[in-house]
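2 protein chains.
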Amino acid sequence: MSELYNKGKNANKIKFQVQKLSTNQKNSVLLKVAENLIKNSNYILKSNSIDIHEARKQGLKDSLLDRLLLTEDRISSMASGLTKIASLNDPIGEVLFMKQRPNGLRIGKKRVPIGVIGIIYESRPNVTIDAFGLCFKAGNAVILRGGKEAINSNIALMNIVQNSLEEMNLPIEIAQIVEDTSRESAYELMKMNEFLDVLIPRGGAELIKSVVENSTVPVIETGIGNCHIYVDKTADFDMAMKIVENAKTSRTGVCNACEKLLVHQDIAQEFLPVMLERLKLKNVEIRADLTTKTIYGNVTIADESDWHTEYLDLIIGVKVVKDINEAIDHITTYGTGHSEAIITEDYTNAERFLNEVDAAAVYVNASTRFTDGEEFGFGAEIGISTQKLHARGPMGLEELTSTKYVIYGNGQIR
Amino acid sequence: MSELYNKGKNANKIKFQVQKLSTNQKNSVLLKVAENLIKNSNYILKSNSIDIHEARKQGLKDSLLDRLLLTEDRISSMASGLTKIASLNDPIGEVLFMKQRPNGLRIGKKRVPIGVIGIIYESRPNVTIDAFGLCFKAGNAVILRGGKEAINSNIALMNIVQNSLEEMNLPIEIAQIVEDTSRESAYELMKMNEFLDVLIPRGGAELIKSVVENSTVPVIETGIGNCHIYVDKTADFDMAMKIVENAKTSRTGVCNACEKLLVHQDIAQEFLPVMLERLKLKNVEIRADLTTKTIYGNVTIADESDWHTEYLDLIIGVKVVKDINEAIDHITTYGTGHSEAIITEDYTNAERFLNEVDAAAVYVNASTRFTDGEEFGFGAEIGISTQKLHARGPMGLEELTSTKYVIYGNGQIR
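Chains A and B, in that order, give the protein sequences. With my numbering, the residue at position 171 of the first sequence is 171, and numbering never jumps. With my numbering, the residue at position 137 of the second sequence is 137, and numbering never jumps.
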């Protein structure tokens, strides 16, 4: 039997033990792991340096090296992440409703863990700790399969988690890392319906696409964000400029960053030159339609592929539209269902945009950058779902749970 | 382009029109279709008779012929099903919560349609009307792919639906039937991620397995029910017998019927002879473990495959267990996560069973037969989910919806 088969089988075997843990027990584990991460930071940094050394030899890009790198600071931020998770409300056991039927049956809908959660991710070792913390707090066992670049860091982190579980007399199979980082092990995970209740990919577009296309285990698709801001005819210019600048430049590599700017034709002449000048000062490259070029001059003309692209970089696509209809149509055609915003003072247009734009989060007069578990008040997030089943938008602890019906009778038959 | 590709594309194109319909508009359509079903019952019966004729020629079993058969009564029950759906609350637009964040952002979570729903089913033509009614009331477009045996009936029913939509000046692509009933068209539907938001299989174990294994479109798995009743040491015998008899014999071909009886060893000697005699009087075949045979005598010995089987017939598997632990272990090993019941007067055992049995619906002192959308008070159901994501247990209108976050700002940036 393969490594993965055994890990799946073992996780499945002990999942009911996780489900029975009290909130206090779970919080103690989280705090213990946090403590042990700090205590063992030398061991973690040493393991990480092997990965970094290897990655340099392979000639990995600086941005990838940075994702892979662990520091004292990053370790303590993983630890404080766990402390934060310990402080969050435990979703398990919540009764969503309980009602009495005419025949006297009392039917309750209760929040329960999902069971065994698989996470496939890339080179960020902090995902190992974050994902464990969230899945575990929600009463689940977890199987983590990170990228091969981070394998030594991930094994070190998982050793600390498993030692902490052992210290608390709990089965180490609550959290497991897949040591075989071959492509085959990823595919095996995607087909492990027997043991896995859900698979969550965290990473770039390629990874997510591959999981969606190949997995027979139910998937929660996360995070491609080709996010638009539409500046309507009645927009407050000052507000619009602040929001666009913020959404484009405050952090570029994130899925809630603004990638496209749509501007109503009646204000384009006045709005665009100032707006684009401001973006250029922030080193944003502008790829625009012909009308924008006519108005503003010095920009690259966008091609069809630009309208589809999530740049994750200091680049923005700009287009002048006839009206809100064209804006909504454009977003429907090119959007990825992540976060979309309108800047307007017009009541009817604000409501139309909220109703008719089909995305996880739709904004009036605010930056798309708020689509985030912390910002939404969930305390933490495992990712942002852009699919429509089970969870849509930022996923906190509740989204890592299922429900069951509990029915109290006194002899009812049908 | 294939028939299916065009239908998918067209459904996707008009899905926003369905989402914008008011509750009144949707109810008018449902009532219009109900009216037109009755008006055109001759046409429906004539089309159905072609399917029946063909099925007889192919030598289909009587039980299958009965599923396929339409009568005046069955047509009027389809029509009254739609009237019922029209009377249910519209889930769309409900705001699940709306909260104000410290920065003044107001974040609301709102119920919205899923989009385009695909249904794959077998030979019951009434599914065509039921599934259309429920998906449409929840604001979705629907693509229906029934079995080849029912194709003439299904086309007739869909003509009536589409004519009704036309009468109300709505796009007929709101509901479409797949006319190509080849195996290839089913596979094409399972891979149509571009246009389809979810695929729901309704039918037997084979069909569901094939959809789960092959679909890249998100699936909601429905209904295999290898349901157990565990009669605990402290059970009220009279209640236990009534419930077991009801759950096994009131209707055998349904997924919430009892398939297995587990009995505590301390009461087996007294309970089983009376219980099994009662089941035999109802023509139930008994397949039992050795202990039961020793106590009761004349029964077939069950083999390993019996414990896994959903009989859907007048057959029951019977096993004597040491205690509640063995009962829960047995259910964990062989159950399908549908409906499980304990009959007990013991408080602690009742609570343990409710907490530790991992199924969509867990009962104390009631028949498993209540796992049903109507019985749960949902008014109607599209199926019973045995998976843990998105929906678990009977799925009513709410389970055919998604959510979106609507965010009201006044210039917030991050």
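To be clear, the hints were calculated from the coordinates, so they are not data collected in a lab. Hints may be right or wrong, so weigh each one.
Since the list can't tell identical chains apart, any single copy or any two copies may satisfy a pair.
[Said to hold, decoys possible] 25 Å max Cα-Cα, derived DSS-like pairs, lysine-lysine:
(1) K110 <-> K282
(2) K209 <-> K191
(3) K13 <-> K322
(4) K99 <-> K109
(5) K191 <-> K9
Quick rundown of the hints versus the structure:
1. K110 <-> K282: Neither way: K110 and K282 sit 50 Å apart in one copy and 36 Å across, limit 25 Å.
2. K209 <-> K191: both (15 Å within a copy, 13 Å between copies)
3. K13 <-> K322: between (59 Å within a copy, 21 Å between copies)
4. K99 <-> K109: both (9 Å within a copy, 24 Å between copies)
5. K191 <-> K9: within (13 Å within a copy, 29 Å between copies)
Of the numbered hints stated above, the single one contradicted by the structure is hint 1.
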